[in-house]
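> Residues per chain, in single letters:
2 protein chains.
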Amino acid sequence: MASQSPLPPWLPPQLTQSPSPTLHALSTSLLPHLLSAISQIGATLRTSHHVSLVGSANSFGDDQLNVDVASENLMRAALAKCPLVVRASSEEDPEEKEVHQGEASGAVSSDERFSVAFDPLDGSSIIAPNWAVGTIVGIWKGETALGKNPRDQICSVLGVHGPRTTVIVAIREAGAAQGSASAEGVCFELGLGDNDKVELLNPNIKLSSPPYKTRYFAPANLRFAADSSEYATLISSFITKKYTLRYCGGLVPDLGHILTKGHGVYVNPVESASKAKLRRLYEVLPIGLVVECAGGKAVDENGKDVLAKEVQGCDERGGIVFGNTDEVEEVPPSEEEARLYYHGLPSRPRLIARSGTRMWVNPQMPGFTTFLGTQNMYPRVLQPVGRHPQLHQQWNDGSSSLRAQILKAVDGINWTALDILRVGLNGEYTLTLMIAVLPDSLSWRDGHPIALQCKGIFESHGIQGVECEIRESVVNLCTNAGLDPAMSASESPDISDTGIVLVVWSYLPKAPTHYSNFNYLREQ
Amino acid sequence: MASQSPLPPWLPPQLTQSPSPTLHALSTSLLPHLLSAISQIGATLRTSHHVSLVGSANSFGDDQLNVDVASENLMRAALAKCPLVVRASSEEDPEEKEVHQGEASGAVSSDERFSVAFDPLDGSSIIAPNWAVGTIVGIWKGETALGKNPRDQICSVLGVHGPRTTVIVAIREAGAAQGSASAEGVCFELGLGDNDKVELLNPNIKLSSPPYKTRYFAPANLRFAADSSEYATLISSFITKKYTLRYCGGLVPDLGHILTKGHGVYVNPVESASKAKLRRLYEVLPIGLVVECAGGKAVDENGKDVLAKEVQGCDERGGIVFGNTDEVEEVPPSEEEARLYYHGLPSRPRLIARSGTRMWVNPQMPGFTTFLGTQNMYPRVLQPVGRHPQLHQQWNDGSSSLRAQILKAVDGINWTALDILRVGLNGEYTLTLMIAVLPDSLSWRDGHPIALQCKGIFESHGIQGVECEIRESVVNLCTNAGLDPAMSASESPDISDTGIVLVVWSYLPKAPTHYSNFNYLREQ
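Quick mapping for you: the protein sequence lines, in order, are chains A and B. Sequential numbering from 1 applies to the first sequence in full-length UniProt numbering. Sequential numbering from 1 applies to the second sequence in full-length UniProt numbering.
Just chain A, with the same shape it has in the complex:
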């Protein structure tokens, strides 16, 4: 019986205490075969001098295919030796197939069945120049990886083929005993030698916490910065903050650098979902598990955790930003963001919190500069909501559940106005609930959960895509009958037809008053 096999000696000690049947099966039956395959891929690369001989892209394409196929075959052979693997797919053959056709796998419990998704050789463009490349494996509990909760991806195995062959492994079992290392996630590093020798090099890889001695950045697809002022500005800010550039273009070695140094932020932006290069199943999700188990964060191009969404198809693609949590995650607006976020609005109110998860970068037009002043910033502009019957109906109905819940959410804060507007930047408009609060009355820590809560209230009422922003603003009382005479049309041309909305950013308060404005949406 599998449960009688001793655990391998290279398993980190914190995982050897009462391992679950799943972890036992994984580490005694599946992982040794995968480590052996990675070692063999390393040995194959070591002698594959002629693969990289041809400099031209076409010929190299053929050669590269040979190395890819060799690696693919080694991986498939390893999986064939493991009766617990039900289905597998790979970047080379991106379709889930049964590994043991015709064989009954009913003999093992469902806790000990796995499906595997892998990229046998990642980094084809840098194989010829003899740079480090990688092998990526994601192991899912159960008989398929598709349509499953990403929490079912319980293990990642990343082989680094450099001067040595090393392996980064992450294990996190949603079903393990609460509080155990296995449930919380463990990331460790192994060193492979000849004759399937495996050494535990680092039993517990953890990214560092600030302050950092050196900060690293890895900007993938840098060419995109020529087209995207947002990306260009981000690059510019890394340079001005004196981050050290470390980007070799191999996803696994690039991640390995961050884990070894304890710091780094890797950014792979995408122009559009259709142009994304990284496969979620073979690249993004396995990387995501490693990063999370090492205490970091990995988000997609929209700022969502890459492990939040299931994979529906083998070819699904996306962008990724990963690294130390504070580099990636939602953090309080910097002083610069708080001060400049509303650049373009006459009073430029101070931002307190927002529900949006995209990292703020100083929106420079049309390029970037190391001197991020306001001179070249895109202005933020406001527009009325326009036609949106569902929103109008619920928002303007004094007795609606939407109104009641929003009012309850903001009940404890000194809010002065609630408005729904389209907030625009460089032609891109976002439907936004704007909450104005009295200056110095609310912190980001208190306000941020409210912004997230309000966004959720709209979603639960069937209204998608409404973000929430909280800003400081004194309010100038007026009616919805017309414009405040102190505000000329040219200062707010975009919202001149909304009347009452103006009260929220009148910049010269004649009589600052705490006055709560629940602003109606004008009927279309």
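Keep in mind the hints are simulated off the structure, nothing from the lab. Only a predicted model underlies this, so the values are computations on that prediction, with no experimental measurement involved. Some hints could be false.
Which copy is meant is left open, because identical chains are indistinguishable; a pair holds if it fits in one copy or across any two.
[Claimed, not checked] Dumping the calculated DMTMM-like pairs for lysine to aspartate or glutamate here, alpha-carbon to alpha-carbon at most 25 Å:
no., residue 1, residue 2
1, 242, 337
2, 242, 301
3, 97, 196
4, 213, 227
5, 81, 329
6, 242, 230
7, 213, 271
8, 213, 68
9, 275, 95
10, 455, 194
11, 309, 93
We have chain A already, so just place chain B on it with the hints.
What follows is chain B alone, placed relative to chain A:
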């Protein structure tokens, strides 16, 4: 006798025709030992998992020293086996020492004696994350590398320790038969296997010529771009021109990428000579030989060929820019440079040629932008020469040899004025002979040699540091008695005391005339 040994089978065919005694000795006696040492360094790295185990810098420092020492010892042992090597020094032990102390080396001819300079393991910061690193060896003909003509560095051997162990070799013998491959320089790639197996992978590495399919750039010390608007602007121009970023931070793998892809430009700027990191003897010069033998160009931070100047001390340092010749070398001013070089001068004359070899980048202040307009450009400004008795004396003497030679150099062109001024940009002033020519009368191809010649004439008269610039300019005749009334003082405040100089860029010619002004320097 050494000359009886057969040439090794991995030597490229073009080198096996009537090899000189030097080449024969090099390839039969010295190179095999070095290749064996590089192979052993690769094998050592392959099993040195614990070297990179410790993440902290201090502990890693100790571990790293161990790998460095191991590699150093392997190299020293290899050299000890080779009686032809007289002296050697390395980055680990940077002092030239006799390899065979007390032994008489008189038995071999002076053509078969070598000195060796090497860096056993280059790229210490990326050993821990298991990225590709390198071994660098420079082989000099004779008994020392110091104070010698860099042409005596007849061979470079660069080991690339990646998934495989490969070696890039360059051989160029100044003394070989004219027109032979050996005299012109050959760059080739070897693959190393177990048991000292050596394979010839690419017998003739040559960088591509334009147009390029993909263009690559490798920006070392990118943090410096935060302090240098010139470097920042260069980076910005690579991005806007959509060069692909490939920079791993290991000098040898970075060069290997460029050679494999056939294109690339590597830039390692230095803030000042004292802050330069790269050692000329162990890094810059061996790299330079490889680049030149592959048909590329390698220059220092001042635009001079890195192989133009001898090495006086083992610790001498410098910057380097290398890659395809057209990316690195003196090329005609781009349309942008021709048009904007004199931004800041009232008439902004068009630049035809200049003797300076520093790559022109749009001098943006204070940062960089992908939109390289003139709005943020540093203006070029002019100042009188100031105190320089030697120059005044020779320049103002109508019968001096300096004058005669300059006048002869410009004899065939339609020059309209000759002036010596200090040309300044962002506070840095360069003593410059400015030659004005009639519009459309001179091309860069004809003008550039004249600019270089004039610079040389000053040097041969003991006046160093005078550059030469040729520009198009119509001339407004006036005397040296005072200012042209059409030019207000505010437009040329820096040179208002030079009087006659003004004629060369009067922007509104009252009566365009071909008039040759040999402008005197005002006495101090």
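> Each hint needs a verdict: does it hold in this structure or not?
How the hints compare with the structure:
{"no.": "1", "hint": "242 x 337", "in the structure": "within (19 Å within a copy, 29 Å between copies)"}
{"no.": "2", "hint": "242 x 301", "in the structure": "both (24 Å within a copy, 21 Å between copies)"}
{"no.": "3", "hint": "97 x 196", "in the structure": "neither (28 Å within a copy, 43 Å between copies)"}
{"no.": "4", "hint": "213 x 227", "in the structure": "between (32 Å within a copy, 19 Å between copies)"}
{"no.": "5", "hint": "81 x 329", "in the structure": "neither (41 Å within a copy, 58 Å between copies)"}
{"no.": "6", "hint": "242 x 230", "in the structure": "both (19 Å within a copy, 16 Å between copies)"}
{"no.": "7", "hint": "213 x 271", "in the structure": "between (33 Å within a copy, 22 Å between copies)"}
{"no.": "8", "hint": "213 x 68", "in the structure": "between (38 Å within a copy, 24 Å between copies)"}
{"no.": "9", "hint": "275 x 95", "in the structure": "within (21 Å within a copy, 54 Å between copies)"}
{"no.": "10", "hint": "455 x 194", "in the structure": "neither (55 Å within a copy, 63 Å between copies)"}
{"no.": "11", "hint": "309 x 93", "in the structure": "within (23 Å within a copy, 55 Å between copies)"}
The earlier numbered hints that this structure contradicts are 3, 5, 10.
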